[in-house]
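Chain A is fixed; fit chain B onto it per the hints.
Protein chains: 2
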Amino acid sequence: MPDKITVKAPSSTANLGPGFDVFGLALNAFHDEVTLTRQDSGINITTDGNIPTRPTDNTAGLVVKNAKRKFKIRDGIKIDIKKRVPAGFGMGSSAASAAAAAVAVDRLFELGLDSDALVELAGSGEKASAGTIHYDNVAASVLGGFVIVRDNPLSVIRIKPPQSLRMCVAVPSITVPKKKTQASRSVIPTMISLKDSITNLSSATSIAAGFASGDSHMIGSSIRDVIVEPARQHMIPGFASVKRNALKAGATGVAISGAGPSVIAFSEKGADMDEIAAAMAKGFASAKTRCQTIICKPSVGAIVRG
Amino acid sequence: MPDKITVKAPSSTANLGPGFDVFGLALNAFHDEVTLTRQDSGINITTDGNIPTRPTDNTAGLVVKNAKRKFKIRDGIKIDIKKRVPAGFGMGSSAASAAAAAVAVDRLFELGLDSDALVELAGSGEKASAGTIHYDNVAASVLGGFVIVRDNPLSVIRIKPPQSLRMCVAVPSITVPKKKTQASRSVIPTMISLKDSITNLSSATSIAAGFASGDSHMIGSSIRDVIVEPARQHMIPGFASVKRNALKAGATGVAISGAGPSVIAFSEKGADMDEIAAAMAKGFASAKTRCQTIICKPSVGAIVRG
Chain A
3 MPDKITVKAP SSTANLGPGF DVFGLALNAF HDEVTLTRQD SGINITTDGN
53 IPTRPTDNTA GLVVKNAKRK FKIRDGIKID IKKRVPAGFG MGSSAASAAA
103 AAVAVDRLFE LGLDSDALVE LAGSGEKASA GTIHYDNVAA SVLGGFVIVR
153 DNPLSVIRIK PPQSLRMCVA VPSITVPKKK TQASRSVIPT MISLKDSITN
203 LSSATSIAAG FASGDSHMIG SSIRDVIVEP ARQHMIPGFA SVKRNALKAG
253 ATGVAISGAG PSVIAFSEKG ADMDEIAAAM AKGFASAKTR CQTIICKPSV
303 GAIVRG
Chain B
3 MPDKITVKAP SSTANLGPGF DVFGLALNAF HDEVTLTRQD SGINITTDGN
53 IPTRPTDNTA GLVVKNAKRK FKIRDGIKID IKKRVPAGFG MGSSAASAAA
103 AAVAVDRLFE LGLDSDALVE LAGSGEKASA GTIHYDNVAA SVLGGFVIVR
153 DNPLSVIRIK PPQSLRMCVA VPSITVPKKK TQASRSVIPT MISLKDSITN
203 LSSATSIAAG FASGDSHMIG SSIRDVIVEP ARQHMIPGFA SVKRNALKAG
253 ATGVAISGAG PSVIAFSEKG ADMDEIAAAM AKGFASAKTR CQTIICKPSV
303 GAIVRG
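One line per chain: the protein sequences are A and B, in this order.
In this note's numbering, each residue carries its 1-based index in the first sequence increased by 2.
In this note's numbering, each residue carries its 1-based index in the second sequence increased by 2.
Keep in mind that a hint or two might mislead.
Copies of the same chain are indistinguishable here, so a pair counts whether it falls within one copy or spans any two.
[As the list claims (entries may be wrong)] Dumping the calculated EDC-like pairs for lysine to aspartate or glutamate here, alpha-carbon to alpha-carbon at most 16 Å: (1) K162 with D217; (2) K197 with D153; (3) K181 with D59.
Simulated from the structure, these hints should not be mistaken for lab results.
Looking at chain A on its own, in the form it has when it is part of the complex (with noise of 0.2 Å):
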């Protein structure tokens, strides 16, 4: 057995729209890189991103130290973290740590862990930082692709997306307040119409089958979402600006990326993308407010490095 492994694992969107807690899928926009080092003793964690260091805190860390106790892991381990995914912008970033730590330990100590079963240990560290645990983001992490997610028990669906698909994600530069994840989700309803769900379940079958039959135009066109768009937006300045400056200059469709606040673009192979990232960044001036555009692609999930 090595000593020492480096996973790396990308940045994930969650929800595209009306998926809201069910898909994900894998960016090649940014990507976290985990090391893990055999030691004497203990979980020591270092990392150049501004990030707690307590294993308990930190999502690899959590990821480490359940992996640890559940597979009778005697061994110390020292985790270092280079932390590529900003932190708090709806970019998968703790999931993205959380992926590459789930598969660094399962290479490391050879535990020959399914699918299902990395999803769900790199699940057990998105508890450090979201307070509760939701599968679509590090299933996107570490599978890659397209995912949808069935909780109770957990059983994740991994599709490869169309080779044709776009997207441009707008991150904006704004203060992202500290318990993020609940306050966005604190605005959603509990009770809903079932009208509306019908809605959002109409369009997200839509995008699953766009995925699946590999279309990149039925996937962009179908994200619509009226539950949680309307309850959201209010939190991201500028969001319709930026919504239909991007549909004007060709994106098919346009969602709040995971809780937000970056908001992603979904367009296809021939789209100028320029032009669409030009558009979402003048929507967010529009609201004074500054953004970093990333034209991306599906990415593949997490990979242990050369």
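Positioned in the frame of chain A, the structure of chain B alone reads:
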């Protein structure tokens, strides 16, 4: 232009569990046949079925009436309906007649309607029977295969189902109330929890992905409905036994077919469908109810005969 045309349209099952008002699947269990013949004036209906023959009370009649007005058809039309889909049992009976009539009038008068326009015309006939328009059954019956219905504006996604998919429908011999669709809709809650909507959405998106990727097992095993089935199952004598028995006998999923009272079990090539049929009949028998069981496959849509 010919003077006469006969179109055959299949029965269908709507909802498939969690896809309430969105999913439809054409079934080769039963077919209605509609023959249109030009005549000097007016609309006259003859049928061997126990259905109304006043044009505005008959789904095929209403389709023809609406088409005459919308497309300025001056000829009179005689409609003959061979009724084979049992009416009022959740098998898309009114939709089958409407679908056959829509395709027949399109061909007889060379209207050149596209898929969505044909579905919309067929749906306009459903008002005669259901009181409101829902496109799930008519879309399946017109287009065949599996359909995802998106409303406002109407747009239907049609997916060819996997060859390996097998179904068994059990049609119980019970007296169906006159206004069955309204009665069975009235028990469904108008407000639901976000949590339940997420559960149904994850199941429904898995079903859609199953159809689009040709995975019969994914389709059947994803049929799980925590919203409509709990509200409606009391209307079907022995439903819990029918479902349990079918699953024990090898069905991968069981749902109320449309608004019921028929129950549909899903499985795949290689399963003992006769055993599933017998198990369902035994379930109904436990509630002192006889039933007809039909083992079937997905069907093509409405087609011109000979």
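Hint-by-hint comparison with the structure:
1. K162 with D217: Intra 11 Å, inter 15 Å, cutoff 16 Å: intra and inter.
2. K197 with D153: For K197 and D153, the Cα distance is within 16 Å only across copies (11 Å; inside one copy 24 Å).
3. K181 with D59: within (13 Å within a copy, 59 Å between copies)
When the structure is compared with the earlier hints, no violation turns up for any of them.
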